[in-house]
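Participant: Sequence:
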Amino acid sequence: MSHRRISKGKAVLAGAGAVGVAAAAILLPNANASQSGTDDGAGGGAGQNPRTVSAASAPELVARLSSQLGDDYAGAYYDAAKKQVVVNVADSGGSGSGGDESAERVRASGAVARNVRNSMGELRSATGTLTRDATIPGTAWAVDPRTNQVLVTADTTVTGERWDTLESTVRSLGDGVARIQKSAGEFKPFLEGGDAIFGGGARCSLGFNVTTQDGTPGFLTAGHCGVAAEQWSEAQNGAPVGTVQAATFPGDGDFALLTYDDPATDAPSEVDLGNGQTLPIGQAGEAAVGLDVVRMGSTTGLADGSVTGLNATVNYAEGSVSGLIQTNVCAEPGDSGGPLFTADGTAIGLTSGGSGDCTSGGETFFQPVTTALAAVGAEIGAGGAGTGTGDAGSGTGTGNDGVEAGRDH
1 MSHRRISKGK AVLAGAGAVG VAAAAILLPN ANASQSGTDD GAGGGAGQNP
51 RTVSAASAPE LVARLSSQLG DDYAGAYYDA AKKQVVVNVA DSGGSGSGGD
101 ESAERVRASG AVARNVRNSM GELRSATGTL TRDATIPGTA WAVDPRTNQV
151 LVTADTTVTG ERWDTLESTV RSLGDGVARI QKSAGEFKPF LEGGDAIFGG
201 GARCSLGFNV TTQDGTPGFL TAGHCGVAAE QWSEAQNGAP VGTVQAATFP
251 GDGDFALLTY DDPATDAPSE VDLGNGQTLP IGQAGEAAVG LDVVRMGSTT
301 GLADGSVTGL NATVNYAEGS VSGLIQTNVC AEPGDSGGPL FTADGTAIGL
351 TSGGSGDCTS GGETFFQPVT TALAAVGAEI GAGGAGTGTG DAGSGTGTGN
401 DGVEAGRDH
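With the numbering used here, letter number 34 in the sequence shown gets 34, and the count goes up by one each step, no holes.
Source of the hints: derived by calculation from the structure; they are not laboratory data.
Among the clues, some could well be false.
As the list claims (entries may be wrong) - So the derived label-pair ranges between C-beta atoms look like this:
#, residue 1, residue 2, range
1, Gln213, Gly70, 32 to 40 Å
2, Ser67, Glu122, 16 to 24 Å
3, Arg124, Gln236, 43 to 51 Å
4, Gly200, Asp100, 55 to 63 Å
5, Asp175, Gly200, 42 to 50 Å
6, Ser57, Gly377, 24 to 32 Å
7, Gly377, Thr131, 27 to 35 Å
Glycine included, C-beta positions come from ideal geometry on N, C-alpha and C.
Please work from the sequences and hints to get the whole structure.
Facilitator: This is the structure we're talking about:
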């Protein structure tokens, strides 16, 4: 493993011997399953052709439209192949035509309007029912705007009565509202293994360097790492270099803020890509379904894929965590806390956990960076947390509560 050590006691960004940043848009299994509504190309409108937009600007466009459309907004995603934003417009009247005025507003903005059956309110109500009746360890769910359904995933531990409960709860939501897929692995935080930051016998990956409210340098990592140990070092049994100031896990997120013990630490805003290569991180940004992303971890190095869901809930054995980004980017134990980012240097998330590995694939979940920054009052890059309020998959905001003091565990 390539490991770039930095002077003045600065903690090392997670690195591995992989070279280059790929950007593949691979969908979850069944992500293109049929659903009620027209196909992706619907609603071009006479004289109004969808415009191409960058992945970085897609969340901003979605945030604006979700606010303007109100109850007609039913989620959105980024079509990486066509470089277009697709916005679902709910058929509130039951006629199958969707809200004509809202669809026209979508087209006027340069996005693709797509008529669907399920409103965002109905999909949120479905996730609420799942939370109430099916919070079972080994399950997860998130709104999938591409199928206009809630995608429920069950890992290999969900069997017998627990499977029956999950299946009956999904059936109770009604036809076409949710669907279940099985994972080949077991949902768990990616806490162990690898060579990155060490604390209390645990191993994790450093996420992003930040500037705290009082101007001192610090960094973000996973919350389940932050509650496992109060102090973290660069080497196993080494001298501590960072101390936990705040950590959330489980509950409303999976993130922790640590400050460097030496206030003179030089902590540049960049990700180590391995083999001496680094990528500057200039800002934090919101995720969008369909966004191409790259993950760096101390165990597996670089891995790429795409965002498949937002505002996801995952039920680990340790407890439920909500508000996460769901992706098909592989990860393994030791990658926890590592950075999720775009090829242009936008910070997106922190590795939480999931199932599978980088041989067989699987589902993975990430803490949104913007939410973590808002909660702990820190900034990334040259300042400006980039805490936009849009949520392409669910319409939710960033949120800034649920932070508790870091503690030994």
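Participant: It remains to establish, for every hint, whether it holds in the given structure.
Facilitator: For each hint, the structure was consulted:
1. Gln213 - Gly70: 32 to 40 Å: Once the Cβ atoms are compared, 35 Å apart, the range 32 to 40 Å for Gly70 and Gln213 holds.
2. Ser67 - Glu122: 16 to 24 Å: The hinted range 16 to 24 Å holds for Ser67 and Glu122, with Cβ atoms some 19 Å apart.
3. Arg124 - Gln236: 43 to 51 Å: With a Cβ separation near 44 Å, Arg124 and Gln236 satisfy 43 to 51 Å, so the hint holds.
4. Gly200 - Asp100: 55 to 63 Å: Since the Cβ atoms of Gly200 and Asp100 sit about 58 Å apart, the hinted range of 55 to 63 Å holds.
5. Asp175 - Gly200: 42 to 50 Å: With Cβ atoms ~48 Å apart, the hint holds.
6. Ser57 - Gly377: 24 to 32 Å: Between Ser57 and Gly377, where Cβ atoms are some 26 Å apart, the hint holds.
7. Gly377 - Thr131: 27 to 35 Å: For Gly377 and Thr131 the Cβ distance comes to about 28 Å; the hint holds.
Violation of the numbered hints given earlier is absent; every hint is satisfied by the structure.
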